[in-house]
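Participant: Sequence:
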Amino acid sequence: MTAEIASPTQFQRGRRGKNLALLTGSTAMDNAESSVTSVMFPLMREAMGLSSAALGTIVAVSKAVGVFTAIPWAFLARRYSRKSVLAVCSGFWGAWVILAGLSGSFTQFLVLYAIGAAGFAGAGSIALSILGDLYEDARRGRATGLMYGGVAVITGATAPVFGLLARFEDGWRYGYIITGAICIIIGVLILIFLDDPESSDTHPQTTSEDLETKTRFWREGIRELLAIKTYRYILIQRIFSGQNVIMSFSIVFLVEEHGFTTTTASIIAPPFAIGYLVGTFVGGRVNDAVHVMRPRSGRILMLQASQLGFALAALVATQISWNSIGAYAVMFAIVGVLQGQVPVVNRPIIMAVVRPELRALAFAVSLSTVEALAYAGYAFLVGILGDRMGLQGALFIVTVVLTTLNGVASGALYRPYARDSVALLTAVTSLHDQNAHSEVR
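For the record, in the sequence shown the residue sitting at position 65 is 611 according to my numbering, with numbers rising by one throughout.
It should be emphasised that the hints constitute simulated quantities derived from the structure, not laboratory data. Misleading hints may appear alongside valid ones.
Stated by the list, open to error - Each pair of labels, with its calculated beta carbon distance range:
{"hint": "1", "residue 1": "VAL734", "residue 2": "SER843", "range": "41 to 51 angstroms"}
{"hint": "2", "residue 1": "HIS804", "residue 2": "ALA973", "range": "46 to 56 angstroms"}
{"hint": "3", "residue 1": "THR972", "residue 2": "ILE943", "range": "35 to 45 angstroms"}
{"hint": "4", "residue 1": "PRO618", "residue 2": "LEU710", "range": "29 to 39 angstroms"}
All values derive from a computational prediction rather than experimental measurement. C-beta atoms are modelled at their ideal positions from N, C-alpha and C, and glycine is treated no differently.
Full structure from sequences and hints, please.
Facilitator: If you want it as structure tokens, here you go:
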């Protein structure tokens, strides 16, 4: 095991704040792209003669490609510079989004959109890896909350703007072109301003022998990750999570099931984003406090509470017909609060049981591979079921029933998490003591 080169406490608040803002911007790009699709799809459907299943296909394809590209991006981030790779996959890759906005057919759009998503799939795991090095364990919940809260604010603020583009004949094209241009700007800012607290085991790999050694390290790393029971359970838990699809389909749901216009339906995005921000910001601090009080079980307790609460909120938001968009805005704000709890609990759980050198790989597998595959599958399922039984029934099955079952089943994490988190803490503490003793000698 290799220790990190810099302690998180060595980074001043100002520098960490700047880095957190850049990591938030890079992570937001993937969500902003999805937001454009959610808001602009009614216009695309009309322009290209599509059905609801097409939205499921778009979301599914964009997430499925991450299954194949997330780990290679994480590999490149260890061979080269995390900052440089992050700038490429979350920033300069936006050129493909611009090309998608200029596409002449649905097939061409789908191919270009998928290529763009293949790059964005690498951003989340690399950003979280850097975030884990910037903050100590006791502050990772609130730091993760701030990052994902910022992502929600950016996504929520852009959705109504994209909704206004519905007034133009080619408004959906403008949305993708603007998003791609912003991505490129983010890439430039990352290259110039991001400080990366690289791990001490990270160094340039230039020879084929070094590359073979690094490849062997990743193969062994995957085996080590799968040997951690908590991590295996988290992967299973994410496979059966259908929560993420609710905002991919919510605007289309309001348009198709309740007759709102695209511009009016997009009004729910800011309340959802504000709710998500509250869920991440407050939830991150509550999660840290509960973790301090109950270090062996607090995070799992919060994970279950967030899932069961989300299922109840989704039930009220999607299965009851409200009379105005204002009522739906309130309901989706509550959904956002509960949805915002997920990353501030899930990510610190992984950080607490996986050693620093493997965190990027751990997040690439869990978020951009397993979770992305689940997201793709459920998005495709909701699209198909939406055509056959309506989006209301489809969302009930995936976001209410499945999330409830998942929340109950997450109770299986209590015992393995208590054991695995203590084991890692003991190992890291022992290593730091050995290094300190060596320096004294």
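Participant: A separate judgement is required for each hint: does it hold in the structure or not?
Facilitator: Structure-based check of each hint:
1. Taking 41 to 51 angstroms as the suggested C-beta distance range, the pair VAL734 and SER843 conforms, at roughly 44 angstroms.
2. Checking the proposed 46 to 56 angstroms range against HIS804 and ALA973 shows it holds: the Cβ atoms sit about 54 angstroms from each other.
3. The hinted window of 35 to 45 angstroms between THR972 and ILE943 holds, with their beta carbons roughly 43 angstroms apart.
4. Roughly 38 angstroms separates the CB atoms of PRO618 and LEU710, a value that falls within the hinted 29 to 39 angstroms.
Violated hints are absent here; each numbered hint is respected by the structure.
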